[in-house]
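Q: Protein chains in written order, with my numbering: chain X, -9 to 304; chain R, 38 to 401.
It should be emphasised that the hints constitute simulated quantities derived from the structure, not laboratory data.
Treat the hints with care, since some could be wrong.
Unchecked claim - No more than 25 Å apart at the CA atoms, straight line, and that leaves these computed lysine-lysine pairs for DSS-like:
{"#": "1", "chain 1": "X", "residue 1": "LYS155", "chain 2": "X", "residue 2": "LYS185"}
{"#": "2", "chain 1": "X", "residue 1": "LYS155", "chain 2": "R", "residue 2": "LYS357"}
{"#": "3", "chain 1": "R", "residue 1": "LYS298", "chain 2": "R", "residue 2": "LYS151"}
{"#": "4", "chain 1": "X", "residue 1": "LYS164", "chain 2": "R", "residue 2": "LYS294"}
{"#": "5", "chain 1": "X", "residue 1": "LYS173", "chain 2": "X", "residue 2": "LYS185"}
{"#": "6", "chain 1": "R", "residue 1": "LYS357", "chain 2": "X", "residue 2": "LYS190"}
{"#": "7", "chain 1": "X", "residue 1": "LYS164", "chain 2": "X", "residue 2": "LYS185"}
{"#": "8", "chain 1": "X", "residue 1": "LYS164", "chain 2": "X", "residue 2": "LYS190"}
{"#": "9", "chain 1": "X", "residue 1": "LYS131", "chain 2": "X", "residue 2": "LYS173"}
{"#": "10", "chain 1": "R", "residue 1": "LYS292", "chain 2": "R", "residue 2": "LYS396"}
{"#": "11", "chain 1": "X", "residue 1": "LYS155", "chain 2": "X", "residue 2": "LYS131"}
{"#": "12", "chain 1": "R", "residue 1": "LYS298", "chain 2": "X", "residue 2": "LYS173"}
{"#": "13", "chain 1": "X", "residue 1": "LYS190", "chain 2": "R", "residue 2": "LYS294"}
{"#": "14", "chain 1": "X", "residue 1": "LYS173", "chain 2": "X", "residue 2": "LYS190"}
{"#": "15", "chain 1": "R", "residue 1": "LYS298", "chain 2": "X", "residue 2": "LYS131"}
{"#": "16", "chain 1": "R", "residue 1": "LYS396", "chain 2": "X", "residue 2": "LYS131"}
{"#": "17", "chain 1": "X", "residue 1": "LYS155", "chain 2": "R", "residue 2": "LYS298"}
{"#": "18", "chain 1": "R", "residue 1": "LYS298", "chain 2": "R", "residue 2": "LYS396"}
{"#": "19", "chain 1": "X", "residue 1": "LYS173", "chain 2": "X", "residue 2": "LYS155"}
{"#": "20", "chain 1": "R", "residue 1": "LYS298", "chain 2": "X", "residue 2": "LYS190"}
{"#": "21", "chain 1": "R", "residue 1": "LYS396", "chain 2": "R", "residue 2": "LYS294"}
{"#": "22", "chain 1": "R", "residue 1": "LYS151", "chain 2": "X", "residue 2": "LYS155"}
{"#": "23", "chain 1": "R", "residue 1": "LYS292", "chain 2": "X", "residue 2": "LYS155"}
{"#": "24", "chain 1": "R", "residue 1": "LYS294", "chain 2": "X", "residue 2": "LYS131"}
{"#": "25", "chain 1": "R", "residue 1": "LYS298", "chain 2": "X", "residue 2": "LYS164"}
{"#": "26", "chain 1": "X", "residue 1": "LYS155", "chain 2": "X", "residue 2": "LYS190"}
For reference, the chains in residue letters:
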Amino acid sequence: MNRSARLITPHLINPHQSTQTPTIQNGEAHMTDSLRDTATPTAQSAAVDLNAPVDLPNRIDVTDLNIFYGDFQAVEGVSMTINPRSITALIGPSGCGKSTFLRSLNRMHEVIHGAYVQGSVVINGHDLYGPGVDPVAVRRKIGMVFQRPNPFPTMSIADNVLAGKRLNSRRMSKPDAAELVEKSLRGANLWNEVKDRLDKPGSSLSGGQQQRLCIARAIAVSPDVLLMDEPCSALDPISTLAIEELMLDLKRSYNIVIVTHNMQQAARVSDRTGFFNIKGTGKPGKLIEMDATEKIFSNPGEQETQDYITGRFG
Amino acid sequence: MTLAAEHQPESDTESPTNDNDRITSGSLAGRGMFAIVGASFVIGALSWLPSGSINWARWVIVTLLVYVAGTYAVARIVESPRQATDRLATAIVTSAFALVLLPLISVVWTVVDKGSNRFDWQFYSETMRGVVGEGGGAYHGIVGTLIITGLTTLFAVPFGLFTAIYLVEYGGNGRFARAVTGLVDVMTGIPSIVAGLFAYALFVLIDGPGHRSGLAGAIALTLLMTPVVVRASEEMLRLVPNELREASYALGVPKWKTIAKIVLPTAIAGILTGVVLAIARVIGETAPLLVTAGLAQGTNWNPLDGRMTTLPVYTYQAYKFPTLPPSASIDRAWAAALTLVIIVAVLFTTARILSSILKPQGLK
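This is chain R alone, in the form it adopts within the complex:
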């Protein structure tokens, strides 16, 4: 091909059947890839035959290795080196995705499987007051989780959102804004137990030693949630095109109103998702709540006074210090874990629906 020769004169020095000269090649698309994936599975299955029993881990690892290597080798023969590289990259990405997905499926499966033993009305309507053996429930834990997480959200979202607005709309690249960004980063890295101890120490100063309350727990969680909200909202606000702000300014709209009526509504869907992610981050916290909110056997509706149980602490307690018979306690622990997963799932679904409703029409 003269064209190829003109464009790539150096190709003459390579073999005459240079790939640059070929414009046709075999294809692995569809059936070919299906065969490779199938063969990998079979080879993976064969790998545990010598040991005589099913070894899931080995099956998965061998399958993935054979799939990645086999795809590359076959594609190199049947297709072209370039396509082989493409298929190799695709295979690695897909395998990584599959590997990450495995623990997720495993966790969900285990929690649903073991949690369903006590997935009954009694569990959701009764507390642990006076329960030593079987029976009992986590009603107080659910109430505690909702109150403490709700309070945390109430504190952390305004703090976080206003900080993000300052950083994006007012701070610019100034020294103070950079300092705030740095501090937010540091805050993200605070170990949760440190946040718990801080909140405890704060309430000891106010109320004296031995203070336990839902509010103290919420303050501890606020320390953990605020930086996550700041980060998420900041990203979303930065995504709002500057042109929209300018269009608003050019209409003679003041800055605060531009932020409230143009910038925030445009970014609200993303901010909402970020907030729910931040809630999911703190709803499963155990250590800071053990220190601040403690553990109660009954329902406490008052976050200002007295111990308050949350589901993670309930789970920890039931699993770590089972009563007799232990199986009843352990079943309760799993049921509480399942409840927590369900709460997070409901939150996510709600946020998704709300986001799609609130999302700017043009960006759908």
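So here's chain X without its partners, still in its complex pose:
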């Protein structure tokens, strides 16, 4: 892992031409979220090191993580720091273990029979894989959005948003519920589109709206971290843009980790990028390098990364 403290002058590979996204500054100089959002990126970048661990809550420290499915090792020796209030993108070829790694961050991979993990994932001083940790409690803190929009087909739009709270047997008064629905749907940038049909089934929405509904559902339980597993791969470019803008919005309050096959997307939205690769079928995936997105896409430290991002892979 390249932890170089020096940042080269960034080239804006694919600057986000967004006027909607406000400049995202959270008041802490060392935490300027993204070079892209600042008026003079060159001037700022020299002072900011995106790779330095940020001392804020909800930072995730992964140390020497090995992930297995039964006898098969899917991921080997991953160590990384995921800074809060930023977007971390994980890229790499299919089957390289990036989704598996993402799912191990909220213990979702255990849903598959025979899956287990060695190593540690520490957030706010707790090792997710320490003794006595309840995976259900972990998932309440670390939410997830999946590749294919999956609203609950038996529930209305409003019930979908409330599903997390309701199913966790928290009784809510009607006004509270309505307030949470509005807040979450506004948060997911969907409120204006669905406010008149909250009692309609969630599956009546378009694919992009369904995905934003799923994001609203995920943020309604107020997690600390939001994991996104290729959230835009089933969506058209306009819906993708909507979700990307939403992510830039959400990173003000959440720690977002996104797996994507779309390198432009990684370049557009993420602050840091990790590149996963695999030596061959049956071999475990490894984190090749992780660095500021600007650097990964302009001057990566490893030849493998260079080959992948320029399309000369394999």
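Starting from the structure of chain X, add chain R where the hints point.
A: Quick look at chain R alone, frame taken from chain X:
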């Protein structure tokens, strides 16, 4: 056509007027097919003329054969060989469907026709107590059928559903789950009389020889119904997309709650249909009930004690051992059969309506 030649170079070795080169052909759609079906009917009708009397079986068989063969031959001439094959397959499938439909229509028609002789208020309000000749009814049989089938459903649905939930959600591909699946398969194949004898033997152990009760009958039927419920529910639970379970887990919802609030509601419509199919499977059972519940002439509301008549047993008794005049008994038998068909039809309709209400909105 050069394109065709490029794509299929081997076509040059065949005749120059290769079908691959033709993009137009005649069509049998609509009127043509109507003519063929009509001609088949007429030829089928002609086939019984020599014998002088209407022979329905011959008419149907000849019609279907002429229809299948004729469609293929005509389509081959008028259309293309590929379309002829398509029409042949369609004709075979349609004929098979028609053949299967015939006995169904015949059964329903016969039951309605013969059962309507005693389709009267007396039949549904009186029992057979003290009746030797004409008159009498099946009130006690209806009560018995509803009580025994109701109890069976009460036992079999929880057992079956929980087994299915175990198999799909917890068992995985483990040894125990596979053993359970195998045992359920074996259970599906238990002859119903064996189930009846088992239940009888069980109650003899508890109550002594000669035990007869509705409960014993319900236990026997439960053995038959449970595996059907397991199978149907298992299929339906497996149809629930894994993504929904994952979405629920990712919200920090515990597994049992995910099953209760997400998986079951999504699958409930199909499970309901499966349960009604399973009820239909056991409501017509006769042999195990003869052994366990026996036969009574009057109404018995207590499933724990005493003989209890169900409609199939009533039908069997009335048909096999008619009183004088026999026609009265036989009419009662048919009326009981008709009643049974009506009960099943009502159950199915109710299940259909309930399913469409409960079905996930997006999957309608």
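Q: Each hint needs a verdict: does it hold in this structure or not?
A: Checked hints:
1. With a CA separation close to 20 Å, the supplied pair X/LYS155 and X/LYS185 stays within the 25 Å bound.
2. Restraint check: the Cα-Cα separation between X/LYS155 and R/LYS357 comes to about 63 Å, which exceeds 25 Å; the hinted pair is violated.
3. Our distance criterion of 25 Å between C-alpha atoms is broken by R/LYS298 and R/LYS151, whose separation comes to about 48 Å.
4. As the CA atoms of X/LYS164 and R/LYS294 are separated by approximately 22 Å, the hinted pair is consistent with the 25 Å bound.
5. Of the supplied pair hints, the one linking X/LYS173 and X/LYS185 holds, its CA atoms being roughly 11 Å apart against a limit of 25 Å.
6. With a C-alpha separation of about 58 Å, the suggested pairing of R/LYS357 with X/LYS190 is violated against the 25 Å cut-off.
7. With a CA separation close to 16 Å, the supplied pair X/LYS164 and X/LYS185 stays within the 25 Å bound.
8. Between X/LYS164 and X/LYS190, the direct Cα distance comes to roughly 18 Å. Compliance with the 25 Å bound is thereby established for this hinted pair.
9. Only pairs whose Cα atoms come within 25 Å are accepted, and X/LYS131 paired with X/LYS173 is accepted, the gap being roughly 18 Å.
10. Pair hint R/LYS292 plus R/LYS396 holds up; C-alpha atoms about 22 Å apart against a cutoff of 25 Å.
11. With a CA separation close to 13 Å, the supplied pair X/LYS155 and X/LYS131 stays within the 25 Å bound.
12. The suggested pairing of R/LYS298 with X/LYS173 holds, with an alpha-carbon distance near 24 Å, which does not exceed 25 Å.
13. For the given pair, X/LYS190 sits about 23 Å from R/LYS294 by alpha-carbon distance, which is consistent with the 25 Å threshold.
14. Distance check on the hinted pair: X/LYS173 and X/LYS190 sit about 18 Å apart at the alpha-carbon level, within 25 Å; holds.
15. Pair hint R/LYS298 plus X/LYS131 holds up; C-alpha atoms about 21 Å apart against a cutoff of 25 Å.
16. As the CA atoms of R/LYS396 and X/LYS131 are separated by approximately 32 Å, the hinted pair breaks the 25 Å bound.
17. For a cut-off of 25 Å, the pair hint linking X/LYS155 to R/LYS298 stands: about 13 Å separates their Cα positions.
18. Between R/LYS298 and R/LYS396 the CA atoms are separated by roughly 14 Å; this keeps the pair inside 25 Å, and the hint holds.
19. Under the criterion of a C-alpha separation no larger than 25 Å, the hint pairing X/LYS173 with X/LYS155 is consistent with the structure, at around 14 Å.
20. Straight-line distance between C-alpha atoms of R/LYS298 and X/LYS190 comes to about 19 Å, which keeps the hinted pair within the 25 Å bound.
21. With a C-alpha separation of about 19 Å, the suggested pairing of R/LYS396 with R/LYS294 holds against the 25 Å cut-off.
22. Distance check on the hinted pair: R/LYS151 and X/LYS155 sit about 60 Å apart at the alpha-carbon level, beyond 25 Å; violated.
23. Taking the CA atoms of R/LYS292 and X/LYS155, the gap is about 15 Å. The hint holds against a cut of 25 Å.
24. As the CA atoms of R/LYS294 and X/LYS131 are separated by approximately 18 Å, the hinted pair is consistent with the 25 Å bound.
25. Our distance criterion of 25 Å between C-alpha atoms is met by R/LYS298 and X/LYS164, whose separation comes to about 20 Å.
26. Of the supplied pair hints, the one linking X/LYS155 and X/LYS190 holds, its CA atoms being roughly 19 Å apart against a limit of 25 Å.
Violation of the numbered hints given earlier is confined to hints 2, 3, 6, 16 and 22; the remaining hints are satisfied by the structure.
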